[in-house]
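Using the sequences provided together with the hints, build the complete structure.
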Amino acid sequence: KQEVTQIPAALSVPEGENLVLNCSFTDSAIYNLQWFRQDPGKGLTSLLLIQSSQREQTSGRLNASLDKSSGRSTLYIAASQPGDSATYLCAVIVHYGGATNKLIFGTGTLLAVQP
Amino acid sequence: GAVVSQHPSWVICKSGTSVKIECRSLDFQATTMFWYRQFPKQSLMLMATSNEGSKATYEQGVEKDKFLINHASLTLSTLTVTSAHPEDSSFYICSAILANYNEQFFGPGTRLTVL
Numbered sequence: 831k832q833e834v835t836q837i838p839a840a841l842s843v844p845e846g847e848n849l850v851l852n853c854s855f856t857d858s859a860i861y862n863l864q865w866f867r868q869d870p871g872k873g874l875t876s877l878l879l880i881q882s883s884q885r886e887q888t889s890g891r892l893n894a895s896l897d898k899s900s901g902r903s904t905l906y907i908a909a910s911q912p913g914d915s916a917t918y919l920c921a922v923i924v925h926y927g928g929a930t931n932k933l934i935f936g937t938g939t940l941l942a943v944q945p
Numbered sequence: 477g478a479v480v481s482q483h484p485s486w487v488i489c490k491s492g493t494s495v496k497i498e499c500r501s502l503d504f505q506a507t508t509m510f511w512y513r514q515f516p517k518q519s520l521m522l523m524a525t526s527n528e529g530s531k532a533t534y535e536q537g538v539e540k541d542k543f544l545i546n547h548a549s550l551t552l553s554t555l556t557v558t559s560a561h562p563e564d565s566s567f568y569i570c571s572a573i574l575a576n577y578n579e580q581f582f583g584p585g586t587r588l589t590v591l
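Chains A and B are the protein sequences, given in the same order. For the first sequence, the numbering used here assigns the number 831 to the initial residue and increments by one for each residue that follows. For the second sequence, the numbering used here assigns the number 477 to the initial residue and increments by one for each residue that follows.
Not one of these hints is a red herring.
Cut-off 20 angstroms, straight-line C-alpha distance, at most; resulting in silico cross-link-like pairs (PhoX-like, lysine-lysine):
#, chain 1, residue 1, chain 2, residue 2
1, B, Lys496, B, Lys540
2, A, Lys932, A, Lys898
3, B, Lys496, B, Lys542
4, B, Lys531, B, Lys496
5, B, Lys517, A, Lys872
6, A, Lys898, A, Lys831
7, A, Lys932, B, Lys531
8, A, Lys932, B, Lys540
9, B, Lys531, B, Lys542
Read the hints as simulated data drawn from the structure, not as lab findings. Computed from a prediction, not measured in an experiment: that's the story for all the values here.
Printed below as a string of structure tokens:
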């Protein structure tokens with residue numbers, strides 16, 4: 831059974847700091863991995879999607895890496911800003927039957943960036 | 477593009493009543509939609525997969541007679557929580573897959589509170 835874990839569960843940093851969020855999964859048979867942001871009481875915003883054949887993806891101040899063999903992904907946020915404060919979720923995408931894939935979400939990291 | 481809406485955004489109901497939540501893909505046709513539930517400070521858990529014109533596939537532990545799913549068209553799926561109880565209070569989020577495309581697009585969520 832695939833399990834996705836995120837460490838740390840919560841993180842508080844001063845503005846401007848670079849930080850790394852960790853995601854680990856138990857079964858390396860994944861299609862892709864995706865990082866999301868969730869603001870309190872809101873839905874999900876997709877940040878980065880890494881295909882299984884890729885090692886990393888970058889978007890602005892965000893960089894996500896994937897190491898399938900070790901079952902790990904990291905999300906690097908450069909020069910953090912108070913607006914980055916949110917819960918960050920990683921999800922592995924696995925085959926679900928037919929042509930459908932399924933997302934299995936991690937436990938999330940609650941990030942607070944202090945001004 | 478790829479916008480998914482949910483209605484209502486929040487609902488409060490009395491114990492024993494039924495509540496219907498709508499999920500719509502606004503600018504694309506979705507052959508498959510997913511329903512997730514998120515309890516406070518927890519991650520998203522997949523409840524069921526909804527395919528247009530066929531019965532939904534429920535995850536283990538999710539009561540299909542309690543959570544009725546109808547996917548009557550390529551742009552609309554509904555989740556009805558029947559005989560709701562306080563323990564059903566949660567944040568319900570849907571997602572939709574664009575046909576022949578691998579990525580899920582998420583709705584903004586519906587906050588259900590059962591008194």
